[in-house]
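Asks: Below are the chains, spelled out letter by letter.
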Amino acid sequence: MIHMAPNTTSRIISKSISGGGGRTSYRGLVQVLPGAKNSKVYVSCDALILDEESRSDTYPSMKINENEVDIQHEATVEKLGEEKLFYLQSRRISKSDAEGLLVNGFIEPVVKEIPLEYSIELNRLINLEMAGSVG
Amino acid sequence: MKYINLNLTKQSKLIFNNPGDYVVYFENLSGDLIFDIKSSGVSLNIYGLYTGSKNSIHKVNTFQNHFEPDSTSDLLIKGVFYDSARFYYRGLIRLEKKAQKSHAYQKNQNILMSKDCYVDSKPYLEILANDVFCTHGSTTGKLNQGELHYTMTRGLSKKESEELLVGGFINEIKEKLPLKYRY
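Going line by line, the protein sequences match chains A and B. Here the first sequence stands for residues 1 to 135, numbered as in full-length UniProt numbering. Here the second sequence stands for residues 1 to 183, numbered as in full-length UniProt numbering.
Hints may contain errors.
Derived lysine to aspartate or glutamate pairs resembling DMTMM-like cross-links, with alpha carbons at most 20 Å apart [claimed, not checked]:
#1 78/B x 172/B
#2 84/A x 108/A
#3 159/B x 147/B
#4 101/B x 78/A
#5 107/B x 36/B
#6 101/B x 51/A
#7 79/A x 126/B
#8 97/B x 121/A
#9 159/B x 68/A
#10 54/B x 162/B
#11 38/B x 68/B
#12 101/B x 83/A
#13 98/B x 53/A
#14 15/A x 126/B
#15 78/B x 116/B
#16 78/B x 74/A
#17 159/B x 116/B
#18 97/B x 57/A
#19 78/B x 163/B
#20 40/A x 74/A
#21 40/A x 147/B
#22 122/B x 32/B
#23 63/A x 116/B
#24 122/B x 57/A
#25 115/B x 70/A
Keep in mind the hints are simulated off the structure, nothing from the lab.
The task is simple: from the sequences and hints, build the whole structure.
Replies: This is how it looks when you write it as structure tokens:
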């Protein structure tokens with residue numbers, strides 16, 4: 001994301017899920033050139049690691065050459081919340097359904113931005129991938 | 001609690017083999033700063049302060065390497081830059097597969113006081129374990145204009161207001177240090 005003109009705003013939201021020995025990496029550059037006053041940038045990278053074999057890497061870079069700006073970056077890495085899983089299971093939702101539900105909830109901020117027909121497909125795909133895949 | 005001032009000890013690599021609370025502090029240090037956590041039960045706080053003016057250049061790389069489970073590291077680096085100062089920060093949190101149940105945090109906050117200064121901030125994460133909690137954050141910008149306006153309505157000049165706000169920003173680090181090492 002390169003800001004070359006004044007009064008501009010950008011937002012990057014990246015969500016990653018790694019499971020089954022997978023590895024996810026985020027690499028991103030945010031650059032604000034001199035003169036791009038009042039640029040606002042917000043970058044958020046959230047990662048979910050489902051099992052012990054998987055890994056997650058985040059390599060963002062921010063090059064700021066202008067002072068009248070507001071640049072924010074944040075990233076988090078976690079696993080599925082055990083308490084949330086337990087709660088759902090206590091409501092008689094099977095473990096794999098509960099995991100699917102939590103994963104879908106995790107990516108919801110991205111899914112809700114894309115057209116409905118794609119987001120339904122995406123949710124189904126994730127439920128399918130999740131079915132029994134996590135131990 | 002053990003307090004380590006890297007400006008005095010001149011170390012660039014610290015290895016933590018015993019559990020305990022550690023506070024590490026440094027000011028305007030360039031180069032690699034490596035923190036290897038090789039024991040469970042380590043609680044490590046790292047505080048770094050950078051101020052740059054004229055043509056100063058600071059380049060710092062920090063490494064928070066967790067090798068063992070159940071340890072915590074928390075890094076906070078703040079910078080204030082004037083004139084054409086340049087600041088390059090690269091921070092890595094690496095959690096090895098064995099380092100389950102670790103918490104690792106990293107935060108870099110910079111204030112740019114002039115339009116000619118330059119900040120390059122790269123907060124990296126490499127997470128090989130899954131039962132962990134890690135976050136990093138980076139913010140860069142100018143002083144809060146609302147706060148600046150408020151202090152000026154109370155009769156301070158612009159320069160005095162800026163000094164006051166920068167002082168407050170820096171004090172957020174100072175007040176985390178043990179009392180006798182603060183000033």
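Asks: The structure should be examined with respect to each hint, and the outcome stated for every one.
Replies: How the hints compare with the structure:
no.	hint	in the structure
1	78/B x 172/B	9 Å, holds
2	84/A x 108/A	16 Å, holds
3	159/B x 147/B	13 Å, holds
4	101/B x 78/A	10 Å, holds
5	107/B x 36/B	18 Å, holds
6	101/B x 51/A	13 Å, holds
7	79/A x 126/B	15 Å, holds
8	97/B x 121/A	34 Å, violated
9	159/B x 68/A	17 Å, holds
10	54/B x 162/B	18 Å, holds
11	38/B x 68/B	6 Å, holds
12	101/B x 83/A	15 Å, holds
13	98/B x 53/A	11 Å, holds
14	15/A x 126/B	16 Å, holds
15	78/B x 116/B	19 Å, holds
16	78/B x 74/A	16 Å, holds
17	159/B x 116/B	18 Å, holds
18	97/B x 57/A	13 Å, holds
19	78/B x 163/B	16 Å, holds
20	40/A x 74/A	14 Å, holds
21	40/A x 147/B	19 Å, holds
22	122/B x 32/B	14 Å, holds
23	63/A x 116/B	13 Å, holds
24	122/B x 57/A	13 Å, holds
25	115/B x 70/A	13 Å, holds
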